[in-house]
Structure formats: C-alpha cells, structure tokens
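Novice: These are the residues of each chain, in order.
Protein chains: 2
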Amino acid sequence: MDLQGHRGARGYLPENTLPAFARAIEIGVDTLELDVGVTADGVVVVHHDRGLNPDIARGPDGKWVSEARPIISFSYKELQSYDVGRLKPGSGTAKRFPQQKALDGTRIPKLSDLFSLVKSKGDRRVRFNIEPKSDVGFPDETLPPEPFARALIAEVRKAGFEKRTTVQAFDWRSLKVVEREAPEMPTVYCTEETGSDPARVHAAGGKIWSPDFERVTAAKLAQAKAWGMWVTVWTVNEPADIRKMLDLGVDGIACDYPDRVIVELKKRGERQ
Amino acid sequence: MDLQGHRGARGYLPENTLPAFARAIEIGVDTLELDVGVTADGVVVVHHDRGLNPDIARGPDGKWVSEARPIISFSYKELQSYDVGRLKPGSGTAKRFPQQKALDGTRIPKLSDLFSLVKSKGDRRVRFNIEPKSDVGFPDETLPPEPFARALIAEVRKAGFEKRTTVQAFDWRSLKVVEREAPEMPTVYCTEETGSDPARVHAAGGKIWSPDFERVTAAKLAQAKAWGMWVTVWTVNEPADIRKMLDLGVDGIACDYPDRVIVELKKRGERQ
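Sequence order for the protein chains is X and A. For my numbering, count along the first sequence from 1 and bump the result up by 155. For my numbering, count along the second sequence from 1 and bump the result up by 155.
Bear in mind the hints are in silico, worked out from the structure with no lab data behind them. Note that the coordinates shown come from a computational prediction; the quantities given were computed from them, not determined experimentally. Hints may be right or wrong, so weigh each one.
Identical copies go unnamed one by one, so any copy, or any two together, can satisfy a pair.
Claimed, not checked - Heads up, simulated DSSO-like pairs for lysine-lysine below, C-alpha to C-alpha not over 30 Å straight-line: (1) Lys422 x Lys243; (2) Lys331 x Lys362; (3) Lys256 x Lys318; (4) Lys331 x Lys380; (5) Lys250 x Lys274; (6) Lys362 x Lys380; (7) Lys256 x Lys399; (8) Lys313 x Lys250; (9) Lys399 x Lys265; (10) Lys243 x Lys265; (11) Lys331 x Lys422; (12) Lys276 x Lys218; (13) Lys362 x Lys313; (14) Lys265 x Lys331; (15) Lys218 x Lys313; (16) Lys250 x Lys318; (17) Lys313 x Lys274.
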C-alpha cells in the first residue's frame, strides 16, 4: 500500500509547500504527491493550478489575487513575490480545510527545492508522484506537453530521483512523452469521469490507474487487477472512506491527512 | 457534417424504436444513432440501458417496471411482452421530452428488425452508429465486451451493412475488439468527462472522438483536428447550441430533434 501525502499534507499545512512536504515525511508517507508548472523563464515550480489560486495566493500588496494568472506568464523571480501560506478567509478552500495551519510568508517552491529538502533530511526512501499540469482545453496557459514533460524529466534526473519518481496526469499526452523519453519513470493514468474509466486506461496502454475514489467499485477494481494494473485512488480523507478503500484492496491512497491512513493501517497490522 | 438522429428521433417518438428510426430517416438524417443489448438467448436488441428503463418500460400487467432488470436476464420472447411506447407520466424522462408522442404497444426491436426496415424503405444511404452498452462497473449486467462486440459485428455483417456502420462506446474495450475483428467498421471513442479527454482518445489510438457537446471548446477541437480526428458531439438539442457547434466546426451532431439541425444547415446553405 502506497500512502501518498496529497500536495504534501494539505489538511495540515499550505498545499504544495516545503513545510507541507516536510510534515508528510515526518508523518511517514511513502510518496509525496505534488503538481508542477513551468515559469516563463523555464523554472519548474510546485503548484497545483495552471494559474495562481485566488483562494491561496496573496500578491506583494498583501491581498489575495483576484484572477488565476497562469504560472507560465510569471518569471520565477516575480512568482516569488506571492505568498501562498494562508487560505483566504471565508473561501471555499478555507472551509474545506479548517485545520490547515497558516504559515505567512511561505513561497511557491521550485521542484529542485523540494528535492534538496528531501536530500537534506537524509531521506532515502520517500518517493515522488508528480503531475505536470496541462490541459488540452487551455493550451495557452502552460507549456505544451512535450517541453513540459521534458522540463520535468530533466529536473528529476538532475536530482538523481528518477528511480523514485512516477509521473501522473489527467492529460495523457504527458504520459506518452515520459514513456518514450524516460521509461525508467512509471506513468500514472488519472481519471475523473464515471463509467468505464479503467477500460480507457487499458486501451491507452496504462499500467497504473489513478481514479477518483468515489468512482471505484469492486467490479472496476477486479477488472483493472485482471489487466495487471495498479490502482491508486485520490483523494481519500474520511476514515470511513479510507477503511472502505483498504477493504477494496487498492494499491495506493492519496490523502490530505496521511496520518489517518496510518491509523487504519496500524489497526490492520499493516504498519508498525 | 454527419447529422445523427439520437436514438432515432427521441424528441418526437419513443426512443430506439422502429417508428423513431423511420421518422429520423424521413427527416433526413445521415446516421441513425442507437444502442444495443443482448438477451439471454443471444438476440441483439435495440435498447439504451443495460436494464429496462422504469421511465419507459411497462410490463404485461400494464405497469411501468419498478427496477432496471438487465436485458441479459430476459429471453427475447419475454422481452417482447414489455411495452416501450409511452413515457411514464411525471417521470424525469417525460419531463425532458414533452413533445414525445406515445405509441402504445411499441416493442423493443431486434437490431435485425431495424436493418430490415431500412432495406424495406429502399434506403441506400443512411448510416448506423451503434453502441454496445457495457460498463466495466457492471460486469454481470451485460455480456462481456468480447462476445458482445462479436454478436454486434455478426448482426451487421449478416445484413451487409458493415460499410455503413460505426461502433461507438464509452467502454473502449468494445472498440478494441471491433478494431481487431472488424476493421472495416470505424470506431468512435465516447467521453463524458471534463479535462483532457481528446488526449485520452489520442493516447488510446482513437480516430473519431464523441464528447458531450458541453465539454467541447475551440482549443480541444483544434487539438483533436491537429491529430486528424473527427469530432462528433452528443446530444445537442437547443438551436443556440446547434449553431454554436456548427460555428465551432464539429464533424457530426447527434440530436433528439434532427430537423432542428437541418434548419440551421439550410440557413448556412449546407443543406438543400
């Protein structure tokens, strides 16, 4: 069972930031789950959305941004003037994550900052599951999949973490680039739809399927397993749902509160 | 532009029945869009859902069925005792299709009945876009994709309509069977999700993409076209939406009121 700290440990600390990743490692996750973008000057940064998130990012004026200006439109230096350490009070995200502790002054990290953090901790075990955030529907808001995937691959290889990294995406174009150019990194086919999603992953040659946990059924899981797939589900936060997924026999769980999964695994004797 | 009569002409007559297909042909569609199931005794029948639809089907007792018992659990003979000619008053489907005229006594047709109807009309032009209705999530409610697709292929070939037929599916397993065993019939990759759906179709080797029209954007369409795909959208019923899709340049439209598409095509000089 691959326990993934979702965006680090979003339930507890600002998502996709170094403190959240440090916390996830302390909690004992197997994998850090994260998202990346690329700035105008080619820096791979850790951020979930194609643009700055108005529920999260405050500008140099101290106000939360009003629009989701794309990461690709910022220089790395300009991006560093934004604070992503506190959810906007009253926002939807703030309501969803009431336990998230604010850390004013927290910046969007470079992917290489995260790799340095992991090395500085002497951690030789934790893995990375990284999504390059592109979308066919918004071609002007990110790099195209090919240079995007290449930038990610280069960063991972530079850190020497290619044996500890999987690349995940809803935009399967990126996965095809990785399969071709960095076959040492397994690819993870994300889906969000209802219906016959594992059949689509199989038709596309996917070996790891990452569905919305609410869409997973025993029958779909059985079919995926019959095809030899691994199934890692996102994002499971409630203990009852965590138990349900463990009962189903999924191969991985992404969680905003990863310690909750550990509690359940311990009850089952699957963690010390 | 491929004009598809959705389930025949569902806006006007009971869906997936011979009268609805006859009406669609009279209206002048290019393609009859329909769905099939297979009975316990191996008969390919025309029906949208895996089970009888409680908004549509009345039993021998004259009452609308209370549960969606799977088609695969009926013999063909037993299935013929159900009436699908009138929407249940007050049901969601009845509210969605207030213009649908009831035709009490209408039965679920065999696929071969539809083919005979088309031949009897002397029609040498109309095409068929047929979905074998399976779902990875419900393996016990239909034939598995392989025998299901084979039953469909056999029926189409028996009628000699293989050059006039495409096979569409949300469950892409069926499409892979058709590509392997009946390469003369093009396959149509249906999607319902948001996000990077054409990228998924491309990753799976699809050449025709059939998305929910509400999910199509100019950017997605441009990417699909750049890959050489045809894009046929479902289900576009409002004139403003039909105009929007024609403006976008889709290659096909499935419509419950196909004459509405013809009105718009005539305005553009694209139909006589």
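Novice: Hints first: check each against the structure and report whether it holds.
Specialist: Hints, one by one, checked against the model:
no. : hint            : verdict
1   : Lys422 x Lys243 : neither (37 Å within a copy, 50 Å between copies)
2   : Lys331 x Lys362 : both (12 Å within a copy, 17 Å between copies)
3   : Lys256 x Lys318 : neither (33 Å within a copy, 63 Å between copies)
4   : Lys331 x Lys380 : both (22 Å within a copy, 19 Å between copies)
5   : Lys250 x Lys274 : neither (34 Å within a copy, 62 Å between copies)
6   : Lys362 x Lys380 : both (10 Å within a copy, 28 Å between copies)
7   : Lys256 x Lys399 : within (28 Å within a copy, 46 Å between copies)
8   : Lys313 x Lys250 : neither (39 Å within a copy, 60 Å between copies)
9   : Lys399 x Lys265 : neither (36 Å within a copy, 42 Å between copies)
10  : Lys243 x Lys265 : within (23 Å within a copy, 59 Å between copies)
11  : Lys331 x Lys422 : neither (39 Å within a copy, 43 Å between copies)
12  : Lys276 x Lys218 : neither (34 Å within a copy, 69 Å between copies)
13  : Lys362 x Lys313 : within (26 Å within a copy, 37 Å between copies)
14  : Lys265 x Lys331 : within (24 Å within a copy, 42 Å between copies)
15  : Lys218 x Lys313 : neither (36 Å within a copy, 69 Å between copies)
16  : Lys250 x Lys318 : neither (37 Å within a copy, 56 Å between copies)
17  : Lys313 x Lys274 : within (13 Å within a copy, 66 Å between copies)
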